[in-house]
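A.B. asks: One-letter residues, chain by chain:
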Amino acid sequence: MNEIIIPDTNLLIDLSEAYSRRNRKTQYIENAQSFWKMYSKQIEIPKIVWSEFLGVWFHKDIDFETYDSWFDKRYNCFAQAFKFIKELGIGFYDEKSIDYNTVFSLSEKLTSNRMPRVLVDGLVKALSEDIKQIELKLNTASYKDNLERALRRNQRYLNAGKMLDGMDSLLVAYSYVVANNNADKAILVCSCDKSLVRTVNILNDSDVGQIGDLTIPKNVKAQIISQREIQ
Amino acid sequence: MEKRDFKILFLDDEINDKNSNVAELAFDTIKKAGYSIEAVSKMSDVIEAYYQKYYHLFILDIDMGEVKDSTKERGTVAGEFLKRLSSISNVIVFSGAGEFDDWLHVANYHFYSYIQKRHGGEKLLEVIDKIFNDLQNKPFVLPSLERADHNDISYVYNEENMLDKQLLERKFGKTHFVDSLETLLHETESSKPKLIVIVLKKPLCTFNNTKRLDLVEKISEHQTKAKIIFCIDNSFRTEVDSVIGIVNSRPFRLLNIDSATFESDLEEAAAKAALWYGEREIFDLPEEGEFNRKEIDEKFESSFHDLKWEDFTADLLEDDEGESDE
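Taken in sequence, the protein lines are chains A and B.
Residue numbers for the first sequence follow this note's numbering, beginning at 7 and rising by one.
Residue numbers for the second sequence follow this note's numbering, beginning at 26 and rising by one.
These aren't lab readings, by the way, just hints derived from the structure by calculation.
All of these numbers come straight from a predicted model, not from anything done at the bench.
Treat the hints with care, since some could be wrong.
[Stated by the list, open to error] Covered stretches of chain B, as calculated for chain A (at least 3 residues, CB under 8 Å):
1. 164-170
2. 202-211
[To be verified] Taking beta-carbon pairs under 7 Å as the criterion, some of the chain B residues facing chain A (in silico):
3. Y79
4. L160
5. I307
Even for Gly, the Cβ is constructed at its ideal location relative to N, Cα and C.
Let the hints inform the model, and build the full structure from the sequences given.
C.D. replies: Shown next, in the form of structure tokens:
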């Protein structure tokens, strides 16, 4: 079965960040590039992802004092990332068949309290299991720094209650519309964001067949791309 | 933006030399025009200044031969710095030195302009005014992943059949040959070619006749839509004004037909141009292992040795924990 891979914004950010890291530059670049290289034939970037990427990259963590220099340096990293994916032949998903009204409407339904309750239960269960697993490993591990960080992170997610924040619900809805338009293909959403990945996979494994008028397609899955953990 | 807010860094090793006043006169001309200009006498000062303050324009008196030496081998600090500067900033080379091969080599690094010192400060000011006006009137366009909007045809002016027609067709795919620069200008105004290739046999300008150069400049105004590749041969060695004219029309590539690597250069140009999105070319940065400060061209200042590769990478982002929220 042919695949369409939809990357989340954080993968583009990771790639651009890789060009700005000191010292471990080559390792960072290789890690960040590996996903794009491996799936270059299947990756198609949604315009909403590109748009969020530009917004985050050029309008966040700005140094207002030295804005022009800051922008030049940011642009430098962006340009290297752009060049890399452009040379791999990766481009935008052809959006002629995307009905954005359906995407927005589905996105709203995924974010209101009418969302399938299995999502909340599933996320809490998954996070609690993660925490339990990490705690077990911590008892025996000799090098604990990474595990302690992971534990804090998962506890934070559980306490702060993050689900589909930012553009995530839009991306999930988008992937469903792409999937319905490409019933003969497997759609894989790739992200560094566990909540997003779990949402897609929980819905996929659940009995929820319908959200509003839209039948949840069975040809969508999500995968975590954990480049940052390679650090 | 007022002219006084437009910041220029001027590099000239003769800026304090009482025996040579070209640099000083040029500096004064720019200052009197109202621009904010600072002068330094060493390339290492330019690098230091770049990381400390923002400049809209760098005017560099650098020997073209040295630029060529430092850019041809990846990994030298000066070469990488100049490539970096030309990728993201405006650079004018204001120099008395330079030969045919040097101009060809550095043309492909897309500096904004090359002005020979003999043309003086007024010519320099003319170009600065253009950059200043462009900055205010032309929007900065980020590269886009949108597919390029063109008719998939390369338009070729192959003067007096200088190059083999089949070679051009092989390198550039669907090809449309035109018989004059006038026709090329006319046809590219009303169409969206994938590429424009101009192969020249005769000089562009002679004494009191710049008609052909004017045509090339007009055609070059299309280069944000189409990418222009110029091919000239060794007979242009003595045609300095023609070569500088081509360089200043800011082509995508300027190639020497008589070079041993011409065919592969042409191939590389065609491949790169197909990916180019129409503004500044994005150059490769050296990988960590390729960067060797010991290979710094000794012709450049010794203070380059104080610079580290880390100075060339933007340390923008703090390490954070865990997965991104975006």
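A.B. asks: Decide, hint by hint, whether the structure agrees.
C.D. replies: Now the hints, each set against the structure:
{"no.": "1", "hint": "164-170", "result": "holds (count 3)"}
{"no.": "2", "hint": "202-211", "result": "violated (count 0)"}
{"no.": "3", "hint": "Y79", "result": "holds, 4 Å"}
{"no.": "4", "hint": "L160", "result": "violated, 11 Å"}
{"no.": "5", "hint": "I307", "result": "holds, 4 Å"}
Checked against the numbered hints above, the structure violates hints 2, 4; every other hint is satisfied.
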